[in-house]
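Take 1 as the starting number for the sequence shown in the working numbering and just add one per residue.
If you're looking for bench data, these hints aren't it; they were derived computationally from the structure. Watch out, some of these pointers could steer you wrong.
For each label pair, taking beta carbons as the anchor points, the in silico distance ranges come out as [as the list claims (entries may be wrong)]:
1) ILE56 / TRP130: 17 to 23 Å
2) LEU141 / VAL48: 28 to 34 Å
3) TRP130 / ALA167: 19 to 25 Å
4) LYS118 / LEU159: 40 to 46 Å
5) HIS24 / THR73: 21 to 27 Å
6) ALA200 / ILE44: 20 to 26 Å
7) ASP122 / LEU21: 43 to 49 Å
This structure is a prediction, so every number in the text was calculated from the model and none was measured. All C-beta atoms in this analysis are idealised placements derived from N, C-alpha and C, irrespective of residue type, glycine included.
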Amino acid sequence: MMPENGDLMAQSAALPANIDLYLHVRVLIGIILGLSVTRLVSGIAALVAHPGRYRIWPVHLGWVAWALVNVVTFWWWEFRLSLIPHWTFGLYFFICVYASMYYFLSVLLFPQDLEEYKGYQDYFLSRRRWFFGFAALTEALDVVDSLIKGEAHLRSLGLEYLLANAAFILVCGVAAITRNLRFHMLFAFGAAIYEISFFARYYATLN
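Work out the full structure, taking the sequences as your base and the hints as a guide.
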């Protein structure tokens, strides 16, 4: 169930009073997310430009797609932060930490070099605990971020949102332990497809 038009109009009425604060905060968020997008896109470009340098692994590419979709949708929907009437340093710090999670994930997906590894499969599996630990933390922070935007916003996402986040965190725990290639393949592409589906259904428009 999406928020009623009356709720949106009431929220929008608060916009002129706090838009300057939001714009101030958005600058740093934009820098962090810009670095994340740059890392992911430049990593993909490097794979295209030098396909024979490292062994490409479909599971790795699945998580690259998941991360890129998350970064883009994060930037798109964080506009609702402009409706927050009172900003505190704690809230500002939380948003910065939350945005930074995507940069950590981007760096883990595309490190400076893979000289010590045979390819992306060898690298990713060796760093899976770090990656899935950050991924699980990011999803947990997303729930807090949704609550910050208001209880009405959190309710509008439905029970599916909370169940999907809980399931993702639990599966991340399993993925951090197992090296089963079929499991990792299903998880990576399932997560990417679901993320795209969820965005299309809930976040396609800002209103």
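Structure-based check of all given hints:
no.: 1; hint: ILE56 / TRP130: 17 to 23 Å; verdict: holds, 21 Å
no.: 2; hint: LEU141 / VAL48: 28 to 34 Å; verdict: holds, 32 Å
no.: 3; hint: TRP130 / ALA167: 19 to 25 Å; verdict: holds, 21 Å
no.: 4; hint: LYS118 / LEU159: 40 to 46 Å; verdict: holds, 43 Å
no.: 5; hint: HIS24 / THR73: 21 to 27 Å; verdict: holds, 23 Å
no.: 6; hint: ALA200 / ILE44: 20 to 26 Å; verdict: holds, 22 Å
no.: 7; hint: ASP122 / LEU21: 43 to 49 Å; verdict: holds, 46 Å
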